[in-house]
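Residue numbers (the UniProt record's numbering), protein chains in the order written: chain A, 1 to 234; chain B, 1 to 292; chain C, 1 to 442; chain D, 1 to 372.
Rather than coming from a laboratory, the hints here were simulated on the basis of the structure. Only a predicted model underlies this, so the values are computations on that prediction, with no experimental measurement involved. Some clues are possibly wrong.
Unchecked claim - Taking beta-carbon pairs under 7 Å as the criterion, some of the chain B residues facing chain A (in silico):
no.	residue
1	Leu62
2	Asn175
3	Arg180
4	Gly183
5	Arg185
As the list claims (entries may be wrong) - Computed spacing ranges between beta-carbons, pair by pair:
no.	chain 1	residue 1	chain 2	residue 2	range
6	D	Trp150	B	Asn55	17 to 25 Å
7	D	Glu168	C	Asp152	18 to 26 Å
8	D	Leu330	B	Ser130	28 to 36 Å
9	D	Leu330	B	Ala56	49 to 57 Å
10	A	Gln133	B	Glu177	19 to 27 Å
No residue lacks a Cβ here, since even glycine has one placed at the ideal position from N, Cα and C.
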Amino acid sequence: MFAVEDLSAAYGPVKALNGVTFTASRGQVTAVLGANGAGKTTLLRTVSGLVRSTRGTVKLDGKDITRTATEKLTSYGLSHVPEGRGVIAELTVVENLRLGGLHRATASEPMPIERIFELFPRLGERRDATAHQLSGGERQMLVIGRALMARPTVLLLDEPSLGLAPRVVAQIFDLLRGLVQSEELTVVLVEQNARSALSIADHGVVLNLGKVVASAPAAELAADEQLRHAYLGF
Amino acid sequence: MQQFLDTTLGGLVLGAVYAAFALALCLIWRSTRIVNFAQAAMAMVTTYIALSLLNADVPYWLAFLAALAAGFGLGAVIERVIIRPVEGKAELNAVILTLGLFMVLHGLTAITFGVQHRGFPAPVSTNAISVGDTSIGITPFGILTIVVVALVMAGLVVLFRFTDLGLRMRAAAFNGEVSRLLGVRVGRMLTLGWALAAAVGAVAGMLIAGGDLVNPAFMDPFVIYGFIAAVLGGLDSPLGSVIGGLILGLSLSYVTGYVGEHLAPLVALGILMVVLLVRPSGLFSAAAARRV
Amino acid sequence: MRNTARRAVQVVCVLTTASLLAACGAGKERPSEDGSAVGVTDTTIKIGAHFPLTGPAAPGYSEIPSGHEAFYEYVNDAGGVHGRDIEMVVKDDAYNPTNTSAVTNDMILQDEIFAMVSGLGTPTHRAVVQRLNDDGIPDLFVSSGSLQWGDDPGKSPMTFGWQTDYEIEGKIIGQYVKENMPDAKVGLFLQDDDFGEDGEKGTREFLDSQIVDVQKYTPGGSTDFSPQMSSFKSKGVDLVIGFNTPSYTALSQIAAQGVGFKSKWFYSNVGSDPALVGGLLASMTKGKIPAEQGVKLMDGMMTTEYLSGVDAPDDEWVKLWQKVWDNYSKKGSEKLTNYRIYGMAQAYTLVQALQANGKDLTRESIVKTIEEEGSSFEGPGLAPFRFSADSHLGISGMSVVEIKNGASEPLTPVLVTDIGDAPIEEDDSAASDAPPSSGIPE
Amino acid sequence: MERLRSILGPLARPITSVPLARHLVVALIAFVVAMAVIGASSQYLQTRYAEMAYFAIAAGGLTLLTGLSGQLSLGHGALMAVGAYAATLVLDRTGGETLADVFVALLVAIAVCALVGVVVGVPAARLHGPYIAGATLTLAVAVPRLANQWHVLGGEQGLQVPVPRAAELPAWIQDLVWFFTAVEIDQYSFLAYLGWLLLALTFVALANLSRSRVGRRWRAVRDDDVSAELAGIHLGRARVVAFTVSAMAAGLAGGLMAMNVRLTAPGAFTITLSLTLLAAVVLGGLGSLPGALIGAGVLAFLPHFATDLGESAGLSATQAAEVTPVVYGLVLMLVILLAPAGIVGSLRSLVSRASRTSSLASALGSTKEKTT
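Excised from the complex, chain A in its bound form:
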């Protein structure tokens, strides 16, 4: 179980997160939704320690990881998947994946790269290409695959649909859904594309100006027309 309590962060005088609280359960997809600038990406960056929190805690299975160094989080089983540009463009597909497996959750077996290629056959075909030669969809597969190499229990996904064709988004979300079930993952999915996100999410959290304005089962959110119009744009 992954829990965020009263988390706040600021860029200089500007408050970007203001007392955000939510929990994400094992084997479920929790979607964090909101308009551009609502604080979604900042939320993930604060959880990972890339942005320093001013208040609040982040807990992973009851353990406080708020002040844990970014570099150590993968060994606690938490993987933050930055948006698709987060491939290391100068490295090849295989090297990106190898890198993902170097710092694993403690005491876990290394994940064979071939397993990732089974999940994403397209990556297997391009294994020796450098990442900057990949298409947007392939890059997204690569960053997800790379995160899986660390055998995480919690996966934080930042805008996996950004800039991708709807067909590709659907494909990736299908894969994700499958993974959550087969690997018992906790997934926190940050998305601007609320409609698609809610279609695979179990639970939804809506942010506006750094604050949680709604937190409810995904189906409920999708049904709330007023909320959708106000914050989710569909």
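Go by the hints and put chains B, C and D onto chain A.
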């Protein structure tokens, strides 16, 4: 013809040392986007450490290793203590900082070891090799120089291509934030990058000092020639640095041999400007055009 | 903001007035323009000199001032010259003419020296000769063999040379080579300034047709002379005559071996000290030969000599130098070297001139004394000085020697000549001068 | 020291919003004070003041270039060399005896450097950061070596520089100096007066330039070249003009240096000279003319002080001489690490915390730090 051959061989040996030095600059550029103008002074310091050991009758190769180790330590300390605060800041800061470091290391070495010119021994003969009756313009030490530089390059290729540590270092250099998210201790990798670079610089220092006189200024030409060799190859590309070093070594050797030593820096400047203005990404950089 | 500005202007006005008043009151104490008294008191004479204590010319030359200082201590201990102790200010110019200008400025204005004595180097001293003469400061016994110190006293009346000049050295070398190696293909290795130029001028008087290649170097520039040696090699040179400083003797030898260039070598006096060059060569060679064995690397080289050196411990002069050095060297552990002997021999000439000058010492009187009596000074030089009102050039000759085992073996008797087309003659007369028993000129 | 401060006082005020007239008044007062101080000093100190003046002129040009247009030049030693050789060659032809000879020589030095400034400035305008640093550093090494190429430049041993004797100066100058200082002018004080007069004029010119439309353009280019270009400023042209102005200052400084050193030789224009100038402007604060003056004062007076300090700490003379470059290097490092705005900038922000937006600090400021 004989002179041309001699000049060419001399240029290759010189070029090998420039290559090693450019490689060191390239390692640092790749990891921290900083051109280390203090590299030459750092190599000078390590060479002096080796000289002190040699004068205390320590065997040559032990002193060589000591210089390498000293370079490694010096590079690490400098990155951690002095360079870290300006990483990612305005680029002028790093330039001025490394130039200041250049002056400080220079002066401190002079105060510690004295400013006299002192002979520096070579591990093998510095007499030309004879083939039959004619001697050719390369010495066993020259051959050793090329071999050592080649070994260093091979070592770096193995490190970066085939080891996890090398993969971590490359990742940290290319994209620090993503690397941190993947668990790479980026700070440590950058320190290691500087340490390795300084060790490679130390090798260059030992090779240029052998069979010559050293004084605290003996590495100064490398401040510019090393930079030019690295830019020639594209700063980002280790292979380019090596080729850039060889091209520069040969060019300067021909200029010195056929025109006059005093024009060498001017020719070097010409080469630099042509590369920067005509092919800014360097002769061998695969990456897209860079902003110079 | 405006208020601060206005206050600043007020403050400035007050300060300005204050400093103007202070300035008007302080304008009196100017150093006396009457040069005679500067640097001389009843009990002291202050002299100064610039030397390359650092930089490419430092090996060897940086030892010269310690010879001076030891000899002055010796003289001062014996009561000084006419009751005056000699104090010497030594400044480092790193063999860089710009630095020479700066340190000379300091010596004149800050240290207020009476005279410059044995400032070293052709390119360096050249930078300050005009200045010293303009200011009427005696510029005695320059440590360089360039002609310009003495061939035109009308232009530089205060300046005197000391050692054998490079032109007559070139002539003597040239004649020796022409007579003994008439078929040699000669390459000249020259420092790229008046030093090399003077040497080339003298050499060409005899060897113009034998010289097949001329290579130059810049002090402080590259230390790799492979290109120069390659050029000699490709032109078939089999005798190199070098007018260069000691480090460059060592570096040219290393470079010659590096490109496989074999030749006979003839280095001018200033670049040939076997102990020093041998030590440098040894330190640069594979496996680091002990310095004492380095002198062997010099075997067979030729050079010239106008002073007896450490290789002649039985020479009366060398005995004197050894005695002075043993008792008065500041760093007792260091050995007597030919450079220290050079310094002491110059110091000896200075003391000789000051003694001859008498008690009434002025900047003009010392110049007059040397012009009038200098040519009769008996000293350690193997040939007499040429000092007169028409010439301020120093020692008039030298002998050609070959280096064997660190010692020099004469190939010719002492040869004496002058610049221009003066004939070269044998003259051993000055070589037999011996020091007075006190060791101090009377 | 008190007097020195009084010279610096007026210049140390912010130059903001001061019109040409006030610049002139300040400069005039400063020059009169300088004359009084110089007149009351020993010949030895006079040579130091003269040295300070030409360093300040060069540093003033450099600080304008780096502080206002954001281009770093390590080649100003080379530009000083060009100025020095130009002035020396002219003085050599004219004999250099009269005041007119001196001014002609200095004007030629400035003109030649303006030309060289354009030639170097055009390619330099296309470079930034480490690239321009490396290129100008190479320039600093390469240019003085040209003296070994052409015989007319005198090779390594350089050219002697004739200097006007006090007796050859016009009577009215001799009278004027005597009137102000109650001391007869001689060649040492003449060079110091000349240096400070030209320093005052140079600083007035530079201060006005930096307040003018041209100066505003430079700052715009420095702070954000992309926006500046969008606003219609021709980037390359603005940079070339800045480089040329700064080269002219370096040329004047070089000419004065030649007269003071009385020798123009390649050995004077080492990498160290260029780095030393950089230390002076960084110490004072990039972009600040008063800072450049302070930096130049350090350059002229520190070496002797530091060497004495080193010797009293038990170092040999040759070791003690190395204390100075160590200090310069430490200055560069410490200013960057601790006080990127330099002395003047730091004092100013201490005095008025309100002026957070001081454009000086941003010259070195962390404009690259991203918050998103």
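Each hint, compared with the structure:
| no. | hint | verdict |
| --- | --- | --- |
| 1 | Leu62 | violated, 35 Å |
| 2 | Asn175 | holds, 5 Å |
| 3 | Arg180 | holds, 5 Å |
| 4 | Gly183 | holds, 3 Å |
| 5 | Arg185 | holds, 5 Å |
| 6 | D/Trp150 / B/Asn55: 17 to 25 Å | violated, 43 Å |
| 7 | D/Glu168 / C/Asp152: 18 to 26 Å | holds, 24 Å |
| 8 | D/Leu330 / B/Ser130: 28 to 36 Å | violated, 52 Å |
| 9 | D/Leu330 / B/Ala56: 49 to 57 Å | violated, 30 Å |
| 10 | A/Gln133 / B/Glu177: 19 to 27 Å | holds, 22 Å |
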